[in-house]
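The residues making up each chain are set out below.
There are 2 protein chains.
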Amino acid sequence: MKDITNLAWFAHVVEHGSFSGAARALGVPKSTLSRRIADLEDELGVRLLNRTTRKLYLTDVGREFLVHCQTVVAAAEAAEQVTHFVQEKPRGKVRISSPYAISQSLLVSIMPGFLARYPDVQIDLVMTNKPVNLIEEQVDIALRVRSTIEDSSLIARELLPSASALFASPECVTRYGLPEHPLDLSDWPTLSMHYSSGRYQWSFTSQHGESVTMNYQPRLITDDLWVLREAAAEHQGVVSLPVYLCRDYVEQGRLVRVLPEWRLPVGKLHMVYPYRRGLLPAVRVLIDYLIEFMPGAAGLAGLATDSDA
Amino acid sequence: MKDITNLAWFAHVVEHGSFSGAARALGVPKSTLSRRIADLEDELGVRLLNRTTRKLYLTDVGREFLVHCQTVVAAAEAAEQVTHFVQEKPRGKVRISSPYAISQSLLVSIMPGFLARYPDVQIDLVMTNKPVNLIEEQVDIALRVRSTIEDSSLIARELLPSASALFASPECVTRYGLPEHPLDLSDWPTLSMHYSSGRYQWSFTSQHGESVTMNYQPRLITDDLWVLREAAAEHQGVVSLPVYLCRDYVEQGRLVRVLPEWRLPVGKLHMVYPYRRGLLPAVRVLIDYLIEFMPGAAGLAGLATDSDA
DNA sequence: AATTACTGTTCCATATATGGCACAATTTTT
DNA sequence: AAAAATTGTGCCATATATGGAACAGTAATT
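Residue numbers (the UniProt record's numbering), protein chains in the order written: chain A, 1 to 309; chain B, 1 to 309.
Hint data in this document are derived by calculation from the structure and do not stem from the laboratory. Accuracy of the hints is not assured; some may be wrong.
Derived pair list, reagent style DSBU-like, types lysine-lysine, alpha-carbon separation capped at 35 angstroms [said to hold, decoys possible]:
(1) A:Lys268 with B:Lys55
(2) A:Lys89 with B:Lys2
(3) A:Lys93 with B:Lys89
(4) B:Lys2 with A:Lys55
(5) A:Lys55 with A:Lys89
(6) B:Lys89 with B:Lys130
(7) B:Lys30 with B:Lys2
(8) B:Lys55 with A:Lys89
(9) A:Lys2 with B:Lys130
(10) A:Lys268 with A:Lys89
Can you make the complete structure from the sequences, with help from the hints?
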């Protein structure tokens, strides 16, 4: 079948009872319609309509043929309807990928509000600490903590600064001595998130502008911040963690901030999504919602902002 | 919806799992396929497929959309199937129009053989003595007795000569006197078929080549030959009738041939059908069957051929 | 590690389809 | 009776879509 559109046009011609009428309804020149139906008949080797200059008569074949053509039209309209449906208001599923820590601390606190505001939207929250390929994982939005997002095929929106600092248990500090300078940490056991680069280092900046880069060999590598925090609280070593994650533990005396005068690079919580012309309303409103409410959620969760970094 | 073919192509792309595969299967360049699907997505404002260079991923919308596209494909195939069905062997209905007399004397005798030979063909025999418009009456084949068929949009096949002669009842001949010359009929009551021209005349040719044209005012005008024959047998006057129609009555002594030395123009039984590229097998075989068996049927029915005209 | 094969997309000269017009045929209106 | 309106089709300059080649990216193979 060369051009299925011809089937739909044929159905319209029959239903309007004339080429001219159907042409007007379809917004197509009647000469085109005439030729296309004639082409269709030639291709099929069968006459569908007998024409006088004034009236059309369906052939027997045409009559049976018509039924299926009408099915084509109905199915095509139903197909189009599907796309209208998800476009007229926020509807359907949105897959969002987020690291565990972010999900547990920030997302969970704002999701109820979002779900209440958009009752026809379902959220599929994929929690993972691994870097995700948005297309392969079929994810609409991903949250990432990075200093910069380099992938040009993605749109990146900066949601929050996410300051990190070094933490260790008081017991560790007692055991290894309170460090005054980054190099004092050289014989400390260290913990770290997994980095695919395989290079583990801290880049310190003092309040006077002095820079020190220090390589270290982590005793524990994992891809979950919470695990790292527990390990640190259990005296396993010193670790770089988001400030907001540790605030409670610091207040409880389970962790202390190490080298508070030296800053580590401020990461940023990014939201990334693929560049797409037709972003669905459901995805759009989640993006907007995250932009609007994530900073507030971070405040409630005690996330470090510049002022307390 | 601009081009419904795109829906079918989309379905094929999904089912093959790749543009290249679908392109090969459809016999379409993959560049065309790629562009058409992209156009479709733009037109709908929705992304149907997420592509990597190696794999395709249906979006949620695409998945729902696909169902209807598959319906389109199935319906289009079903439509095409309808046309194949009636083309692969003689099948379906054939409407044939024929004058009453021809139907009753000739067609009925050969129809059983035809119906037996082609069990999947139905014949719709429209008996009428009025001139039929093949298209408006939706007739595939019409039988007509004319000297020539002038309509160029029709294909005319000559089936038989159909000689006519004048007949009257013996009683009439006794009453008005046996005519020796056409002009002897001038005071006879006359009967005639209905002619739309409104001009009633007999054109005689003698065996010596002499021509005489005689106008007359019919006492009875009808459009059925059988009625005319009965009227003549009932002594209502002289009438021009096909020779074969009257043979039985002549043998029974109910009618006699008048002016046997003077011939009337020999009409011809024609079969006409519209010129169509795609003549269905069912129509084709009926045409062929009539050409093959009508002469024999005429012989059995005693239809006048040249030899007995 | 390097090579090969194959993916989907883009480009652009070329081939194809389009659509305004004219036309013959017919119906409706004047 | 004549004129106006409307039908479906054929024509042809023009606009649109096509499809082969090139390309960048990825997976499988060597």
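Against the structure, the hints come out as follows:
no. : hint                  : in the structure
1   : A:Lys268 with B:Lys55 : holds (32 angstroms)
2   : A:Lys89 with B:Lys2   : holds (24 angstroms)
3   : A:Lys93 with B:Lys89  : violated (52 angstroms)
4   : B:Lys2 with A:Lys55   : holds (27 angstroms)
5   : A:Lys55 with A:Lys89  : violated (45 angstroms)
6   : B:Lys89 with B:Lys130 : holds (32 angstroms)
7   : B:Lys30 with B:Lys2   : holds (20 angstroms)
8   : B:Lys55 with A:Lys89  : holds (30 angstroms)
9   : A:Lys2 with B:Lys130  : violated (43 angstroms)
10  : A:Lys268 with A:Lys89 : holds (31 angstroms)
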